[in-house]
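Participant: Protein chains in written order, with this note's numbering: chain Y, 1 to 254; chain H, 1 to 254; chain E, 1 to 410; chain Z, 1 to 410.
In short, the hints are calculated from the structure, not lab data. None of the values given here were measured: they were computed from a predicted structure. Backbone N, C-alpha and C fix where the C-beta goes; we use that ideal spot for every residue, glycine too. Hints are supplied without guarantee of correctness; some may be wrong.
Below, simulated PhoX-like cross-link-like pairs (lysine-lysine); rule was C-alpha separation at most 25 Å, straight line [stated by the list, open to error]:
1. H:142 <-> H:118
2. E:342 <-> Z:98
3. Z:342 <-> E:103
4. E:150 <-> Z:403
5. E:397 <-> Z:397
6. Z:342 <-> E:150
7. E:342 <-> Z:103
8. E:403 <-> E:150
9. E:150 <-> Z:397
10. Z:34 <-> E:342
11. E:98 <-> Z:397
12. E:405 <-> Z:403
13. Z:405 <-> E:403
14. Z:361 <-> E:150
15. Z:361 <-> E:397
16. Z:150 <-> E:403
17. E:403 <-> Z:397
Every beta carbon over 12 Å from chain E, so not counted as near; a handful from chain Y, in silico [to be verified]:
18. 5
19. 11
20. 40
21. 99
22. 110
23. 155
24. 166
25. 196
26. 213
27. 214
28. 216
29. 220
30. 222
31. 240
32. 242
33. 252
Single-letter residue listing:
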Amino acid sequence: MQLTEYIREARTQKEILLMTHLVLGYPDFTVNREVIWQMVKNGVDLIEMQIPFSEPVADGPMILKANQESIDQGTTVRQCFDFAAEITSQHQIPFLFMTYYNILFKYGVEKFLNKAAKIGIQGLIVPDLPPEEGEEYLTLCKKIGLAPIMIYAPTSTEERMRQLADHADGFIYCVARRGVTGKKTDFSQDFSEYMARCSRATDLPLAVGFGISNREDVRFLVGKGDIAVIGTRTIQLVNERGAAAVGPFIAGLR
Amino acid sequence: MQLTEYIREARTQKEILLMTHLVLGYPDFTVNREVIWQMVKNGVDLIEMQIPFSEPVADGPMILKANQESIDQGTTVRQCFDFAAEITSQHQIPFLFMTYYNILFKYGVEKFLNKAAKIGIQGLIVPDLPPEEGEEYLTLCKKIGLAPIMIYAPTSTEERMRQLADHADGFIYCVARRGVTGKKTDFSQDFSEYMARCSRATDLPLAVGFGISNREDVRFLVGKGDIAVIGTRTIQLVNERGAAAVGPFIAGLR
Amino acid sequence: MNRQGYYGAWGGAFIPEVLYETFRELNIAFQAAKADSSFWREYIDLMQSYSCRPTPLTRADNLSDHFGGARIYIKREDLNHTGAHKANNVMGQGLLVKRMGKKRVIAETGAGQHGVATATMAAKFGLECTIYMGEEDVMRQRPNVFWMEKMGATVIPVTSGSRTLKDAINEAFRDWVSSMDGTHYVMGTVCGPHPFPEMVAWFQSIIGLEAREQILAAHGELPARVFACVGGGSNAMGIFQGFLNDPSVELIGVEAGGHGLASGQHAARLAGDDGSAGVAQGYKTMFLQNDDGQMRDTHSVAAGLDYVGVSPILTDLWEKKRVRFAAATDQEVMAALELTMKKEGIIPALESSHGFVQAFKEAGELNKDQAIIINMSGRGDKDIFTIAHAFNDPSWKQFIINKGKEYATD
Amino acid sequence: MNRQGYYGAWGGAFIPEVLYETFRELNIAFQAAKADSSFWREYIDLMQSYSCRPTPLTRADNLSDHFGGARIYIKREDLNHTGAHKANNVMGQGLLVKRMGKKRVIAETGAGQHGVATATMAAKFGLECTIYMGEEDVMRQRPNVFWMEKMGATVIPVTSGSRTLKDAINEAFRDWVSSMDGTHYVMGTVCGPHPFPEMVAWFQSIIGLEAREQILAAHGELPARVFACVGGGSNAMGIFQGFLNDPSVELIGVEAGGHGLASGQHAARLAGDDGSAGVAQGYKTMFLQNDDGQMRDTHSVAAGLDYVGVSPILTDLWEKKRVRFAAATDQEVMAALELTMKKEGIIPALESSHGFVQAFKEAGELNKDQAIIINMSGRGDKDIFTIAHAFNDPSWKQFIINKGKEYATD
Ligand SMILES: Cc1ncc(COP(=O)(O)O)c(C=O)c1O
Ligand SMILES: Cc1ncc(COP(=O)(O)O)c(C=O)c1O
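Next up, chain Y with everything else stripped away, as it sits in the complex (with noise of 0.2 Å):
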């Protein structure tokens, strides 16, 4: 709900919101350190922290590659917790988990979702988690109080959105095409149909994620979503430009 507020909140001020990504410790904390703060300082309004797991089903090879090497340099669920802590004490905007449920399983989903809370997180996306699945997981969240973000995708029908939209909480992550993270996504007829869609099957803001890359993309989300998600791009960007490109890059999108 707190999240929910934010939002639109911010949209009172903004035609869109930008929601970043990025995977924990990959390529390490200090550059992730450093990335987010080139991030709040430009202007973004929301960011997920991706926990490295070591299948990342519906991720594409650049975040699949960062999850892995997260992990074989190290990375544990303490760090990422312990990360994020520092991170939600030192910026105002929100910060979400996201995750595969495996790292929620093991750590107990209840501890992890009360950690979360307690270290200032305010929501979660678990793409392999279904709410047929996540039964405890959507109660603990809503006892808690963090925003168990729901997935749309292009393949689901409006009776299935509203579905989702009875579990959902903060926004709604708009999956923009199929396919995983990381690929162009082609915003033709048929998207503007699906945003429709995605609108009419809920009340909560609209995210819309996978393959944005620029201004432009941006731009042509004005109107049709609340929340523009920029992911792989940025992993990129740091990649091939280190952390100070990040600035310029966000600063230039809206």
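Model the placement of chains H, E and Z with the ligands on the given structure of chain Y, informed by the hints.
Facilitator: Chains H, E and Z with the ligands in isolation, oriented as in the chain Y frame:
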């Protein structure tokens, strides 16, 4: 008949006769010529000349190799006939052809036998032609006056031996043991019984072959058979020490 | 099943939203096929005319005498077309694909057997085919790759993660989330999100149906024990289903003990204490994972057993103590393989040999009136490179060296 | 047969005297077995429980549609244990050996299939086993050698002659003339001295018996034509026997055309004009020989067809025009193999692919109501080294080069 009489006649002079063997065209006809000369000069009583065949199933490694090398060098049946004609005209002892049936069959059995008789060959040893398969051959041999040498083996029953004797002429070739040419024979008690069986089964002279390689072997055969057959040993000798070594070797056998 | 797709606490369908519709349709199509007796008849016909079903149950007298205990019977899945039980599942899914009207199939493969089987099915049914295979497995199973390609499939080496089976599964899912409209994912074992475990178990149940009838005919009564190797668990589930309702029949699953359970280099999820509950690759089961839930590297001489997860159905049967689990080490496997070749003239796949190991350990405990069945999931001649290598055969090595030189100077 | 062991003018038993008794006993034992219906029953039982008989008859719709003519059926001898029809003969002779009480078997092998089958049988029946194999074949069929050895057989490379099949046969005979008391020579094809052609044809007749019944069930009437590759001729005789008394069924034997009949590098004894009557290896038939009667070198991409002689029974049927003969070149064989893999997901052995070539040439001449059968004598995955080589597959070569380097530095 002619051949049998020659053997009986020779046996009145000698306790045991010697028959030697060579593969035509191996190592070449020039060496064959020299070897035969050495053999005859040193008292060999009969010589079997093997016309090489590509599939000499009854022969062991040494003679097998000789067959193949001879063929590889281009030895033809025609050359063998020519060479044999020359040899029989120069030496007075009986010469036999040893070969496999396909050589006759392909040449035409009748044509082959007529030709052999014409050039002075006195008999034939065809190890893969049992009498059951050799009706034409046996009839023609009789008609043409060639001795079809039959073979006894240690596995032959006395009944079988009698049956073979019915078709035989010249002498009987008693294979001293199982197996192929070129291995040492163990002249045991069994062997003596075998020879006794051979004697009971036929009135023809008995040649003993397979594995006879020295004076002791030859001496052992005295009183048991009429002809000692030296096969592989002389081929080996020629390979190792040249044609000239054959004379002294033969001279020392008896 | 209490909940949809659950076996006790295990199973489920932990899938990304983009596949929700696909799975819904797959469930409907599968349940309709399952309810339609003509579908099963068509399946049986196909397996009889294209593969070699029923596969024989061979009585192994020499091995039985050698161990001096139970009569050993071997269920001969090696005699299937393509050389393993994988054909059963794949041909069944092929018929389902035909029903659903899809034109393309994808699959993961570890040992390559499932890949070869899928490429075969795709050729037979005229489907486009892409096979995902860990790069390490591509290297150790090159002959299988060659055949897949020759049958018209595209084989994509997967370079992420441990570059083995689990990574190939992830990669196949990545393909599927973009291509699901015209593409079916032919899951190779009795794992993954619902309805795959149920579906694969159903198709593989043909093994157990036959085996039960055959052992009754041959031995006059039920076997005392049934042994099967367990990678994902499909061949084991296949044969076990013939005897699940016979409490007198003990069922034993044999996992890859690798270099020994103590070494940590193995793939024993249920035998031993290294496995723990988790959710990955779309389902909940016992995984080999660290305390954070990151999947561990596994090891087995048998590529087909080299997997972090295991069938949720088996995990449930294990928890309920209906199936007992054991592990066989690489070394034990080579010895059992050698003995079986020498005694019976039968060459089990390295995977299958795991089942033989445990059966050999236990045969002597039983008496001559009792029968045991070993499920021989596949034939070992596909494993020549691995087996000749493991036996350290000098002529084989020389042969390869010579061939290599010949090709190097081409 | 007019005379003992003769088929028209062909056959006989041109054996050295030392084997006379052995053959006499073998004839008696064989005739007694043949007359004893329980022997055939035992044989069928064995083939059903140890191999996979009856092997299926697979309808190849994709190939049929591709050629737009006759319905093509494939008799699946590849699904036998050990991967080829050779198993039928070998297991039958194994039962005969048991009856005769002998303790050792020897055999020749070309492609290695018969050697593997014999080693398998020897392991199963607890017999000592020696396999003679041309040195050239040992080199090109190393995987088979490996398996034979692993099943406990001794493989002896034959270095005489052309170092291929015919020389291995000679060498096996050389063994037999010393060892016949306790040793049986398991002749691998329907050649050699009587009673081998009759014996091997009898055991292989199981193929034709099944195929006739199967095609009637599947197609409702007899096939128009039946195709089989011909090395020695055992798989061809096996299937042809099912239809010899059906004059409407045309029988076609396909020999190895190698680099083409005109090249002289082939193994076509009956197709073409290069064969001539001869006597070798104990029997009379059409051989590839020169004017002196020396056997010629033959060539085929398929080791199992690379033989100078051919079954006397087939020569008789050829002379009587009951069986028509054709030849398939190496190149045609590779194309037919590739097409069959792609269209049907079936990998015929290189030998078997010869039959496919001719069937493909003729399928279009017939109409859709007619059926033809191709006898698929064996599976091609045993031929990976030859096939991958023939396709000049770069990844395969690289794989072998790498493996070779790995072993070279061991
Ligand atoms: C021959 C064979 N057996 C067993 C397995 C393991 O799979 P599952 O446990 O699903 O039977 C494989 C997998 O590739 C295999 O190829
Ligand atoms: C698969 C296969 N087919 C055919 C043959 C040829 O033999 P035959 O003509 O006796 O069937 C062989 C011989 O090794 C073989 O392995």
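Participant: Does each hint hold? Answer for all of them.
Facilitator: Hint check:
1. Between residue 142 (chain H) and residue 118 (chain H) the CA atoms are separated by roughly 14 Å; this keeps the pair inside 25 Å, and the hint holds.
2. Pair hint residue 342 (chain E) plus residue 98 (chain Z) holds up; C-alpha atoms about 18 Å apart against a cutoff of 25 Å.
3. At roughly 16 Å between alpha-carbon atoms, residue 342 (chain Z) and residue 103 (chain E) fall within 25 Å of each other, so this suggested pair holds.
4. Only pairs whose Cα atoms come within 25 Å are accepted, and residue 150 (chain E) paired with residue 403 (chain Z) is accepted, the gap being roughly 22 Å.
5. As the CA atoms of residue 397 (chain E) and residue 397 (chain Z) are separated by approximately 16 Å, the hinted pair is consistent with the 25 Å bound.
6. Straight-line distance between C-alpha atoms of residue 342 (chain Z) and residue 150 (chain E) comes to about 7 Å, which keeps the hinted pair within the 25 Å bound.
7. The suggested pairing of residue 342 (chain E) with residue 103 (chain Z) holds, with an alpha-carbon distance near 16 Å, which does not exceed 25 Å.
8. At roughly 21 Å between alpha-carbon atoms, residue 403 (chain E) and residue 150 (chain E) fall within 25 Å of each other, so this suggested pair holds.
9. Between residue 150 (chain E) and residue 397 (chain Z), the direct Cα distance comes to roughly 15 Å. Compliance with the 25 Å bound is thereby established for this hinted pair.
10. Our distance criterion of 25 Å between C-alpha atoms is broken by residue 34 (chain Z) and residue 342 (chain E), whose separation comes to about 30 Å.
11. This hinted pair does not check out: residue 98 (chain E) and residue 397 (chain Z) have alpha carbons roughly 37 Å apart, beyond 25 Å.
12. The suggested pairing of residue 405 (chain E) with residue 403 (chain Z) holds, with an alpha-carbon distance near 10 Å, which does not exceed 25 Å.
13. This hinted pair checks out: residue 405 (chain Z) and residue 403 (chain E) have alpha carbons roughly 10 Å apart, not beyond 25 Å.
14. Proposed proximity of residue 361 (chain Z) and residue 150 (chain E) is supported: the alpha carbons are some 22 Å apart, at most 25 Å.
15. Proposed proximity of residue 361 (chain Z) and residue 397 (chain E) is contradicted: the alpha carbons are some 41 Å apart, above 25 Å.
16. A threshold of 25 Å between alpha carbons decides the hint, and for residue 150 (chain Z) with residue 403 (chain E) the separation of about 22 Å falls inside it, so the pair holds.
17. Of the supplied pair hints, the one linking residue 403 (chain E) and residue 397 (chain Z) holds, its CA atoms being roughly 9 Å apart against a limit of 25 Å.
18. The beta carbon of residue 5 (chain Y) sits about 25 Å from the closest Cβ of chain E, which is more than 12 Å, so the claim that it is off the interface holds.
19. Every beta carbon of chain E lies more than 12 Å from that of residue 11 (chain Y), the smallest distance being close to 24 Å; the non-interface claim holds.
20. Remark: the non-interface label on residue 40 (chain Y) is consistent with the geometry, its nearest Cβ contact in chain E lying 28 Å away (cut-off 12 Å).
21. A Cβ of chain E approaches the Cβ of residue 99 (chain Y) within 12 Å, the least distance being about 9 Å, so the stated non-interface status is violated.
22. Once the 12 Å rule is applied to beta carbons, residue 110 (chain Y) is consistent with being away from chain E; the minimum gap is 15 Å.
23. Remark: the non-interface label on residue 155 (chain Y) conflicts with the geometry, its nearest Cβ contact in chain E lying 5 Å away (cut-off 12 Å).
24. Once the 12 Å rule is applied to beta carbons, residue 166 (chain Y) is consistent with being away from chain E; the minimum gap is 14 Å.
25. Interface exclusion of residue 196 (chain Y) from chain E stands, the closest Cβ pair being 18 Å apart, more than 12 Å.
26. Listed as a non-interface residue, residue 213 (chain Y) keeps its Cβ farther than 12 Å from every Cβ of chain E; the least gap is roughly 18 Å.
27. A cut-off of 12 Å between C-beta atoms confirms that residue 214 (chain Y) is not in contact with chain E; the least separation is 22 Å.
28. The non-interface label for residue 216 (chain Y) is consistent with chain E: the shortest C-beta to C-beta separation is roughly 23 Å, beyond 12 Å.
29. Taking the minimum C-beta to C-beta distance to chain E, about 21 Å, the non-interface status of residue 220 (chain Y) holds against the 12 Å cut.
30. Chain E leaves residue 222 (chain Y) outside its interface by the beta-carbon criterion, the shortest separation being 24 Å against a cut-off of 12 Å.
31. Against the 12 Å criterion, residue 240 (chain Y) stays outside the reach of chain E, whose nearest CB is about 20 Å from its own CB.
32. Every CB of chain E is more than 12 Å from the CB of residue 242 (chain Y) (nearest about 25 Å), matching its label as outside the interface.
33. Residue 252 (chain Y), annotated as away from the interface, keeps every beta carbon of chain E farther than 12 Å; the closest lies near 29 Å.
In terms of the numbered hints stated before, the structure departs from hints 10, 11, 15, 21, 23, listed from lowest to highest.
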